[in-house]
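Asks: Now for the letters of each chain:
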Amino acid sequence: MKTYTYTEKKDTRSGFGDGLTELGRTNPNVVALCADLVGSLKMNTFIDENPERFFQVGIAEANMMGIAAGMTIGGKIPFTGTFANFSTGRVYDQIRQSIAYSGKNVKICASHAGLTLGEDGATHQILEDIGLMKMLPGMVVINPCDYNQTKAATIAIADYNGPVYLRFGRPSVPIFTPADQKFEIGKAIQLQEGNDVTIVATGHLVWEALEAAKILHEKGISADVINIHTIKPLDEKAIIESVIKTGCIVTAEEHNYLGGLGESVSRVLSQHKPTPQEFVATNDTFGESGTPAQLMEKYGLNSDAIVKKAQLVIQRK
Amino acid sequence: MSNTQQLEDLTIQVRRDILRMVHKVNSGHPGGSLGCAEFLVVIYNAIMERKNGFDMDGIEEDLFFLSNGHISPLFYSVLARCGYFPVDELNTFRLLNSRLQGHPTTHEGLPGIRIASGSLGQGMSVAIGAAQTKKLNNDKHLVYSLHGDGELQEGQNWEAIMYASAKNIDNLIATIDLNGKQIDGATDDVLPMGSIKAKFEAFDWIVLEIEEGNNIEAILKGMAKAKSKTGQGKPVCVLLKTMMGNGVDFMMHTHAWHGKAPNDEQLANALNQNPETLGDY
Chain S
8 MKTYTYTEKK DTRSGFGDGL TELGRTNPNV VALCADLVGS LKMNTFIDEN
58 PERFFQVGIA EANMMGIAAG MTIGGKIPFT GTFANFSTGR VYDQIRQSIA
108 YSGKNVKICA SHAGLTLGED GATHQILEDI GLMKMLPGMV VINPCDYNQT
158 KAATIAIADY NGPVYLRFGR PSVPIFTPAD QKFEIGKAIQ LQEGNDVTIV
208 ATGHLVWEAL EAAKILHEKG ISADVINIHT IKPLDEKAII ESVIKTGCIV
258 TAEEHNYLGG LGESVSRVLS QHKPTPQEFV ATNDTFGESG TPAQLMEKYG
308 LNSDAIVKKA QLVIQRK
Chain Y
7 MSNTQQLEDL TIQVRRDILR MVHKVNSGHP GGSLGCAEFL VVIYNAIMER
57 KNGFDMDGIE EDLFFLSNGH ISPLFYSVLA RCGYFPVDEL NTFRLLNSRL
107 QGHPTTHEGL PGIRIASGSL GQGMSVAIGA AQTKKLNNDK HLVYSLHGDG
157 ELQEGQNWEA IMYASAKNID NLIATIDLNG KQIDGATDDV LPMGSIKAKF
207 EAFDWIVLEI EEGNNIEAIL KGMAKAKSKT GQGKPVCVLL KTMMGNGVDF
257 MMHTHAWHGK APNDEQLANA LNQNPETLGD Y
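Each protein sequence line maps, in turn, to chains S and Y.
The number in this note's numbering is simply the position in the first sequence, starting from 1, with 7 added.
The number in this note's numbering is simply the position in the second sequence, starting from 1, with 6 added.
Treat the hints as calculated values from the structure; they're not laboratory data.
Every residue gets a Cβ at the ideal spot worked out from N, C-alpha and C, and that includes glycine.
The reader is advised that the hints may include incorrect statements.
As the list claims (entries may be wrong) - Beta-carbon label-pair distances, calculated as ranges:
id	chain 1	residue 1	chain 2	residue 2	range
1	Y	Ile-189	S	Gln-197	53 to 59 Å
2	Y	Asn-32	S	Thr-292	22 to 28 Å
3	S	Pro-281	Y	Asp-270	52 to 58 Å
4	S	Pro-185	Y	Glu-207	55 to 61 Å
As the list claims (entries may be wrong) - If you only want the chain Y side, here are some residues facing chain S, beta carbon under 10 Å, derived:
id	residue
5	Pro-117
6	Gly-118
7	Ala-133
8	Gly-161
9	Gln-162
10	Ser-171
11	Lys-173
12	Ile-222
13	Ala-224
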């Protein structure tokens with residue numbers, strides 16, 4: 008069993024901010040837009056270094072999405088920044104028509120996704136955004152797991168021509184992926200090899216999946232752990248190959264089980280390799296105020312929850 | 007093309023195209039299409055600086071965005087008559103597997119279209135974005151856009167209108183088709199908007215009015231003036247007063263033809279009022 012440790016915790020939004028800073032230095036076509044959340048999105052350095060390539064639109068997300076679509080005409084690569092809720096549900100039709108249907112090269116960068124936004128509560132804690140965005144034809148959906156991976160993903164999507172939804176979060180989480188790991192859109196990363204159960208996780212739940220695998224190991228259960236940073240296009244091959252080996256699967260995400268990663272996995276498996284599956288996800292509910300750790304505990308989105316679901320799904324084999 | 011007679015002839019042919027397109031598929035929006043026919047013919051042929059051929063980026067040429075995408079029959083006819091795609095393709099309007107979708111889209115790769123529109127209120131933001139990219143590229147060309155008056159009921163417009171003046175988008179000429187009508191009736195009955203002129207002025211735009219929005223000379227003069235107002239630190243708005251259904255007597259003075267196609271008899275009547283000039287497709 009591989010050992011994963013960390014020396015530092017950092018928020019994934021800082022990975023976005025630092026990735027954007029690097030793009031500002033390396034890609035003259037990258038422009039950034041923000042709807043009055045510059046500090047929250049960690050965009051300050053990009054703005055300081057490239058004031059002419061930054062566009063503050065004020066609290067007007069619909070306008071921001073339309074402007075971003077228009078900016079692509081003439082070769083710019085716009086990165087929009089606001090909270091996940093205001094990046095998706097609030098502006099769904101603008102994204103659908105002006106960006107997705109129009110095939111525009113816009114990168115929708117969404118912070119404070121999920122319950123771990125914390126104390127602001129359910130108005131801001133979107134748990135439906137992966138579903139909304141993955142249903143748009145042609146939209147790539149990425150949910151990286153830590154600071155390093157978020158930074159790498161931010162840089163990688165500038166080289167991909169087409170609309171992308173990049174989802175990240177507010178809290179500090181362990182940095183455990185290598186700083187030099189290349190980000191490949193749609194390519195799952197195998198973190199642990201195991202034979203008894205597959206755990207496929209995305210975003211903040213990837214670290215929890217590694218913690219769960221340790222606990223399971225102590226109980227004599229070996230888990231195959233896969234980091235699915237890209238929910239669409241989904242690395243179907245990696246998932247199918249893993250369940251051929253293990254015969255059961257747990258999916259883990261900071262999202263509603265309706266419309267999330269778990270359902271995408273279910274679709275693939277029901278078509279190609281019907282397999283018992285359990286879901287670590289919110290259960291068709293809104294969130295509430297609380298600390299991130301309290302919320303993840305209450306809504307069953309941590310390593311303990313993954314362990315329980317793994318034990319359950321193994322019995323269903 | 008700047009000869010007024012040529013523009014008149016083209017307008018009549020465009021009217022015929024619009025009527026025949028919507029009649030064939032018994033759907034589409036002839037009223038607003040006819041109302042803006044003179045305007046689109048004039049800007050594409052006598053106002054905008056356009057390159058030959060089409061590429062999406064449109065660098066070093068003027069760009070046009072149609073926000074009220076339902077007047078697609080007009081847009082398609084003008085694009086075809088300007089050589090962006092074969093005129094015969096107008097035959098495929100709204101048919102299965104056509105590039106001429108009910109509302110304009112980039113999705114099928116139709117030359118001349120740079121954004122999908124139809125869901126209203128989005129075109130102003132897109133035009134502003136394209137105008138800002140022109141500034142970043144040090145491209146001195148202009149961005150034109152067209153919007154319905156009823157469309158201004160969509161709130162996104164006002165976000166965009168506020169932004170455009172705040173950011174000194176002075177390479178944009180946004181034209182509002184003031185025909186006073188929308189699907190459910192007169193805009194003053196559906197949702198009175200008060201003075202659109204006063205509203206744009208309050209948002210610090212330069213506002214020009216073309217009182218005779220179906221008169222080619224008036225449009226030529228008005229749009230030349232609009233061009234002269236660009237580059238002065240403020241976005242330019244043109245209020246174009248038009249007659250929905252213009253050029254077909256029974257389609258004028260009513261909102262009934264906003265989204266309804268003529269039957270065989272009505273088509274014959276309408277075409278008789280607009281004898282063929284440049285050849286039907």
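Asks: Indicate, hint by hint, whether the structure satisfies it.
Replies: Okay, the hints, checked on the actual structure:
For Ile-189 of chain Y and Gln-197 of chain S, the Cβ-Cβ distance of about 56 Å falls inside the hinted range of 53 to 59 Å, so the restraint holds. At roughly 47 Å, the beta carbons of Asn-32 of chain Y and Thr-292 of chain S sit outside the given window of 22 to 28 Å. Taking 52 to 58 Å as the suggested C-beta distance range, the pair Pro-281 of chain S and Asp-270 of chain Y conforms, at roughly 57 Å. At about 58 Å, the beta-carbon gap between Pro-185 of chain S and Glu-207 of chain Y stays in the expected band of 55 to 61 Å.
Of the supplied interface hints, the one on Pro-117 of chain Y is violated, with its beta-carbon coming no nearer than about 14 Å to a beta-carbon of chain S, more than 10 Å. Given the 10 Å rule on beta carbons, the hint for Gly-118 of chain Y is violated: about 13 Å separates it from the nearest Cβ of chain S. Given hint, Ala-133 of chain Y at the interface with chain S, holds; its Cβ is 6 Å from that chain's nearest Cβ, closer than 10 Å. Against a cut-off of 10 Å between C-beta atoms, the interface hint on Gly-161 of chain Y holds, since the closest Cβ of chain S lies about 8 Å away.
Checking Gln-162 of chain Y against chain S: minimum C-beta separation of about 4 Å stays under 10 Å; hint holds. Checking Ser-171 of chain Y against chain S by beta carbon gives a least distance of about 12 Å; that is not within 10 Å, so the hint is violated. Evaluation of the Lys-173 of chain Y hint against chain S yields a held restraint, the C-beta minimum of about 8 Å falling below 10 Å. About 29 Å separates the beta-carbon of Ile-222 of chain Y from the nearest beta-carbon of chain S, more than 10 Å, and the hint is not met.
With a cut of 10 Å, the hint placing Ala-224 of chain Y at the interface with chain S is violated, because the nearest CB-to-CB distance is about 29 Å.
Hint violations for this structure: numbers 2, 5, 6, 10, 12, 13, all remaining hints satisfied.
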